[in-house]
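K.L.:
Based on the provided sequences and hints, a complete structural model is requested.
There are 2 protein chains.
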Amino acid sequence: MGSMCKINAAMSIWTRLSLFVLASSLCLCLCRAEDSAMENIVTEKKAEESHRQDSADLLVFILLLTLTILTIWLFKHRRFRFLHETGLAMIYGLLVGVVLRYAIHVPSDMSNVTLSCNVNASPATLLVNVSGKFYEYTLKGEISANEVNDIQDNEMLRKVTFDPEVFFNILLPPIIFHAGYSLKRRHFFRNLGSILAYAFVGTVVSCFIIGLVMYGCVTLMKQIGHLGGDFFFTDCLFFGAIVSATDPVTVLAIFNELHVDADLYALLFGESVLNDAVAVVLSSSIVAYQPEGDNTHTFEAMAMLKSFGIFLGVFSGSFALGVATGVVTALVTKFTKLRDFPLLETALFFLMSWSTFLLAEACGFTGVVAVLFCGMTQAHYTFNNLSPESQNRTKQLFELLNFLAENFIFSYMGLTLFTFHNHVFNPIFIVGAFLAVFLGRAGNIYPLSFLLNLGRRNKIGSNFQHMMMFAGLRGAMTFALSIRDTATYARQMMFSTTLLVVFFTVWICGGGTTQMLSCQKIRVGVDTDVENSIGPDGVERRSTKQESAWLFRIWYNFDHNYLKPILTHSGPPLTATLPACCGPLARCLTSPQAYENEGQLKDSDSDLILNDGDITLTYGDITVSTDATGAHTSGTPVGGVVVNSDEALDRELAFGDHELVIRGTRLVLPMDDSEPPLSLDSHRHRHKNETMS
Amino acid sequence: MGSMCKINAAMSIWTRLSLFVLASSLCLCLCRAEDSAMENIVTEKKAEESHRQDSADLLVFILLLTLTILTIWLFKHRRFRFLHETGLAMIYGLLVGVVLRYAIHVPSDMSNVTLSCNVNASPATLLVNVSGKFYEYTLKGEISANEVNDIQDNEMLRKVTFDPEVFFNILLPPIIFHAGYSLKRRHFFRNLGSILAYAFVGTVVSCFIIGLVMYGCVTLMKQIGHLGGDFFFTDCLFFGAIVSATDPVTVLAIFNELHVDADLYALLFGESVLNDAVAVVLSSSIVAYQPEGDNTHTFEAMAMLKSFGIFLGVFSGSFALGVATGVVTALVTKFTKLRDFPLLETALFFLMSWSTFLLAEACGFTGVVAVLFCGMTQAHYTFNNLSPESQNRTKQLFELLNFLAENFIFSYMGLTLFTFHNHVFNPIFIVGAFLAVFLGRAGNIYPLSFLLNLGRRNKIGSNFQHMMMFAGLRGAMTFALSIRDTATYARQMMFSTTLLVVFFTVWICGGGTTQMLSCQKIRVGVDTDVENSIGPDGVERRSTKQESAWLFRIWYNFDHNYLKPILTHSGPPLTATLPACCGPLARCLTSPQAYENEGQLKDSDSDLILNDGDITLTYGDITVSTDATGAHTSGTPVGGVVVNSDEALDRELAFGDHELVIRGTRLVLPMDDSEPPLSLDSHRHRHKNETMS
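If you read the protein sequences in the order shown, they are chains A and B. Heads up, the first sequence is in the UniProt record's numbering, so the first residue is 1 and it goes up one at a time. Heads up, the second sequence is in the UniProt record's numbering, so the first residue is 1 and it goes up one at a time.
Treat the hints as calculated values from the structure; they're not laboratory data. Heads up, some of the hints might be wrong.
As the list makes no split between identical chains, a pair holds if one copy fits it or if it spans any two.
Unchecked claim - Here are the simulated EDC-like cross-link-like pairs (lysine to aspartate or glutamate), alpha carbons at most 20 Å apart as the crow flies:
1) K334 x D57
2) K306 x E48
3) K306 x D57
4) K395 x D340
5) K334 x D559
P.N.:
And the structure:
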């Protein structure tokens, strides 16, 4: 039998993905059984029990989500507007967490974890010899010494926790992809410079401000002896990075319902979408900061440069992969007649988008960043190639996935407040964190807005700035980043504090959005086309050529003349725009429709393209084109003449924006009781009527 | 450090679900490292590599599926009809399997699995003490002694395999649910008795015939010394059970395109859908056969009764759970106004259907059986309560999931031919298996058809019987059941043989369907309403009252008068049909629309309900109602009079069946080159034209 070992059971601090992993166990009492059949039965029986427990765990979440859905409906039915669905999901998660923590006691079977074994290495797989039978074990994770004996009461709680990688591998990708796929590109590109500034520069600034404030806080705590473990500056920076990722879903939903200024919406939405990406890569870069030598937390220029290089490399690599997959999908949908088969087209679209994520992860980049840019590319190019049926199907599919994933994460957030067993709530740290978050947001918004306003014609007013300051809600990305690794004291404290930050911002800031809007005198119910032709000072803007950033014009021309013709069916045909030497290639890449529509093809999502008098409502909910007389038109270019991109750009900017700025799944709550709840159909009718009048 | 142990690496025979399980590993060379930070880095690095590998694995499958989709499109584009998409997916799987097996060699890192430990029990979790740090290990499974040293070359192959439970927990449920949700209930219920006979009696008969033939085969093999291990009668029966599950997707697709007789379609489809359920529970019951005493393979009446009891209990329990969830969903969608919010409604529908599966699994029943009956219930009741938008969304969602899951399974089937490392190909067994399958199918179809024809008015002709015999393809369920447990020699041999059976039936029988149809002189291009009013002998049937089985009539009355009014908005109102004592309850349960439509509400899926002269095309692709003059009508009862169910039944049977018998995702291939590929839109137009003319 060899040497006898004692194996002590322990509670793991790495939460386990218990979904569908076939874990067998044997009772100690049977360890001497010579009947292998009996052992097999018991093994299968225990596996069965484990599987049942896993199913029960998932069922808890399904019920949470179902409750959330029914309550959302109830709120809409009774016109409650003080609590958004994400805040609601969190509350339900809290309630279930309380129940699980204090009301349910599952007597755990302790006889199966009382062996210990001393070895001198921990390999990935371990083979254990029991009475001549070999059993294979997989390494789950490390357990901190102070938890080794603390198992009894936490068996149930351990069960209802997921491996943090579930968030990054299963839950976040649909959310991020949907954000990219439903991006309203008109205002996004119009404010591109500002958005990039806020997302990149602002996030880094916020990260450092928060890091510095927290470092001061932590130093103070160490002085007065309140710090229970190590907390280095890199940890502070890491905290700054993860908590700089904003997720203003609640605010954007309300903006959408109340038809707030489209630029404000675009700034907030664009910033949040991009700073999620920046935060992910930034946090990875900070974690990768590894100077040589024993002390891994001293400043070292080489290591910092390396981190910076990692940031650039991972971000651009993910960007490139995402765009590449989008481009491939666009080409495939352009050159095949898949549009005849919506099911095939939708399946292909879904698979290629999913493959972006896997490809990025397999190459060592960041999957969520890749899917973001993939989503944007798909929306800008591939969407035009899809059949209308597929357009609907893909939109609805990702809308549903986004809805389920988001509510799942927020429910889980509420749950972990009670089920996470390593919380470290430190009042000083918490207060410091709130202060730091406040200062970080302020240091992000105000200085940058000032600098941007030097260059912008359409200035970001101070009321907008205050609103953006207020709307810096934290959400799914921050949570996922903080729960990813809770091995050390520092990380645990950060996680606990992050939870509180998220709760506060979602409930308080989210709930107070409407009041803030009126307080800041931000106009609501804005009719976007009127709004554009009359500037904030009341002067009608006839030509907005000057306000389009140089960067935007360059991009627009390139996109209009080359990218769109290559990747979609739109004109002008490449045979006209490419030099003669590329003739064969141009003929190959140009689709027949591009010749028919020498001007711009009126894509169903043409948010950048207008013809005379056309009012095109872009993709979001409505894709109806009517000309000025109210008659329906589709796809007629301006007199059949090649419209050069400058004219097209001017026309587009002059006629203003008619885009419905809608983000994905946000539910529409009526402004007052007299309005019926806006559903998709009634929304369409309402806007059709508005347009016609 | 305690006692030193040696842990021998081994190749597990239980394939591991490597998706998203954070598995860390350390290099042996670092096992003495005193720098915990270095260890953490290495741990994270190895976890990262493991994650990358998992992503790469999934990517392989995504690419397989993408290739399959593009090839399907290409086939349709060029009108190739000899290979269906499932057969195609298998071929691609084979190709990739060959590449993985022979062309790719991944040098595996062996330094991390070379420790062994001798203990006297194998608990669920194992704590290993390495230099003072504790690592937790989970039991993965048992390893047979002969594989303990065989690890090197199979690292890559192990990676591209999935835990068999993935099939039952992730892939099969959408397929089975979709089968239930897209069931064409008219013909299903008309042939209910026959379908139940084939599914239950036929499957059991087939199981025993195959078991007996295999037992003879195996005995012969033992005599001539060709049997490499144990193979008991229970194993033979188990093989009979798993290989009795038919999955004629290919055949049904062709039937659909060519508009073959609807009854034949219903018989085949209904049988396949139900015998999957029966096979699952039957195989579990056989596995649960555990007589007392040392020899677990002798016949014992008590154990057999117990198995039978398990079969009944599990089947009815799963049935009850599935129906219950469907009923709850129907009630929720009936009494709330969720239909105003398609996203919420779709999400709720999806969650509740998924919860069926989890609930059944958590209670120890069979999830796939529960989702089948849940799907049927949802289609029959809940579907009527959904808004049109939600109806489309749910149909499309499950259609997509079904498509992806099915092609994934078939690709995987092709792949495992080369990547599974425990194949046991025994020519005698294989020949015996084919013979047994043939005999089992014959023993299922012919005797039962004879008996059923004694009671049926609409006899199952011999050509139908031959077609059903031929169309006994095996597919996803058989594969999943056989791969579920490949621990023993017997199971491995069964798995290998099952693969070959599936390959043969899908490629040969599936590919030969069209020829078989013409050979058996089975009519194609059948116009279902004409077909019904003129019986096979050419005599017009004016009243088909006599042919509806007594069972069907009872069911129809009960459903029409009570179940539909309770669960949907259809009439007659319960206040009329229930006794006076249930007055308050009836008023509570009756929806306002039921009063408006004193007769039958014209549900958009009313496949059992007709009003005078109405031709209702049921849900599948089209939900257009026109009356005899061609004008559109909707929901008008017959003169506002309460139609009793007998009259309704007569009318329904007399006017024949106009149901488009379409199963889910099956692609429509044109009959000849002159017809354009039928897409959803053109299909709709075609039938609208046919109806109008």
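K.L.:
All the hints need checking, so say for each whether the structure fits it.
P.N.:
Quick rundown of the hints versus the structure:
{"no.": "1", "hint": "K334 x D57", "verdict": "neither (44 Å within a copy, 28 Å between copies)"}
{"no.": "2", "hint": "K306 x E48", "verdict": "between (48 Å within a copy, 19 Å between copies)"}
{"no.": "3", "hint": "K306 x D57", "verdict": "neither (42 Å within a copy, 30 Å between copies)"}
{"no.": "4", "hint": "K395 x D340", "verdict": "both (18 Å within a copy, 18 Å between copies)"}
{"no.": "5", "hint": "K334 x D559", "verdict": "within (17 Å within a copy, 49 Å between copies)"}
This entry does not satisfy hints 1, 3, going by the numbered hints stated previously.
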